[in-house]
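Enquirer: In the order they appear, the protein sequences are chains A and B. Position one of the first sequence corresponds to residue -6 (my numbering), numbered consecutively onward. Position one of the second sequence corresponds to residue -7 (my numbering), numbered consecutively onward.
Hints were generated in silico from the structure; no laboratory data involved. By construction, the Cβ of each residue, glycine as well, lies at the ideal position given by its N, Cα and C atoms. A hint or two may mislead.
Looking from chain B toward chain A, a few residues come up when the C-beta cut is under 8 angstroms (computed) [claimed, not checked]: (1) S41; (2) S47; (3) Y227.
Here are the in silico distance ranges between beta carbons for each label pair [claimed, not checked]: (4) B:L66 x A:Y15: 44 to 54 angstroms; (5) B:D63 x A:S103: 32 to 42 angstroms; (6) A:N63 x B:T88: 32 to 42 angstroms.
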Amino acid sequence: MSGMLPLYRAHRDSYLAFTRKYTSDRDVRLQSYNDAIIKLYKVIIRNKFNSEESQIKTYLFNLGKNNLINKIDKQKSYTKRFSTDTYLASYGDDEIISNDDSTNHLYWKSKIDQVFHLLGEKCQQILIHFYHEGLDADEIKAYMEYDSVNVVYSAKSRCVNKLRQLITDN
Amino acid sequence: MKDLNDHHISLIERHLRQELNIEEEANFEKLLVHDVFRKEVAFRKGLQSSIEAFSDDKLNKLLVAESQSMDAALQKNKFKKYAIWIAITLVLSFLTYLIYSRYQKPSQDDIFIAHYEPFPNLIAPTQRSTDTTLKGLELALYAYDNGLYEQAVSVFDTLSSPPSEAIIYHAIACIEIEQYDRAEQMLITLSTDKSAKYRQAAEWYLCLLALKTGDLDKYNSILANIISNLNHKYYQKAIELKQ
Chain A
-6 MSGMLPLYRA HRDSYLAFTR KYTSDRDVRL QSYNDAIIKL YKVIIRNKFN SEESQIKTYL
54 FNLGKNNLIN KIDKQKSYTK RFSTDTYLAS YGDDEIISND DSTNHLYWKS KIDQVFHLLG
114 EKCQQILIHF YHEGLDADEI KAYMEYDSVN VVYSAKSRCV NKLRQLITDN
Chain B
-7 MKDLNDHHIS LIERHLRQEL NIEEEANFEK LLVHDVFRKE VAFRKGLQSS IEAFSDDKLN
53 KLLVAESQSM DAALQKNKFK KYAIWIAITL VLSFLTYLIY SRYQKPSQDD IFIAHYEPFP
113 NLIAPTQRST DTTLKGLELA LYAYDNGLYE QAVSVFDTLS SPPSEAIIYH AIACIEIEQY
173 DRAEQMLITL STDKSAKYRQ AAEWYLCLLA LKTGDLDKYN SILANIISNL NHKYYQKAIE
233 LKQ
């Protein structure tokens, strides 16, 4: 990610100026820019960005702008909901995660959210590389300097088991 | 199905990475009927979502810190810029003041103050006198010497026949208390009296008085008159005044 920082620095102020017409709230604009950089980062590491270097800025600004417009729309509808009596009536329509539905991924997500930070740094890294950045075992081997692909597989398996243990213990 | 094997895990992971072909995807869908498989899919999907959120949060914190350091640097630069502009403004103001004061023509008042000084008491110096019983001309001159010009004018006014030499002091005392018209009258009287002892002094003070009252025609005329006479007692002062 640190490789993205020069890009972040290069375009932050012009993005903030560019999006001033949508909202005067600088924090909201800045957060939409951060989100756009994170999205761009994911796109780049998954090798899905094929455009020319010069188009990165346009792509980044479009990501940010769409994100910002969504944020503003959500904020408006949230305010509207809270300002009408229909809020309480419509409350039940929201998705409710069952506390014991282990076939729902949100159930596991909330459990893992609570314990993921308790994993060791190496375990966090290998799981992030695999599940978040979409790297394959060969790439992880090279990146984390493991001896072989098999070591990567067994390390990943060990980390998942450790995570299950942490969920059980907590 | 009781337990999952490596093939099942690999299938789930490749499903999450969207790497399955149509046949494998169909196989994956079939396996979903098994509770243990469905639970593992949910677990791995939850793991993926959680890691995504964790990773996004970590990246976001990094970007927020970067943004804050950029803002701090901008603020510092802004302060530096202001400081530089303030310094430039101060230097320019000082230079402007120097140039202005160097080339600015002094006002008439400034010239008057620079060249005017009360006529010295040449009749009877009284500055060291401690005698409180002084009367008449002596008292007037005593007050004059001590800068008590109002008192001096009052005493001069009571003198019935003062000597002609005393008129210059009376006039100067009047200038000091801003009775310019009276002073002018007395000085004109003296300056037109060819036998008056302090006639040239009277001309000099008339010249300064014209400057003080803003009568520049009169001032220039008297000044020219003094300068035209090399033997005039105030010739040198007049030259300096003209410069």
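Enquirer: Which numbered hints does this structure break?
Expert: 3, 4, 6
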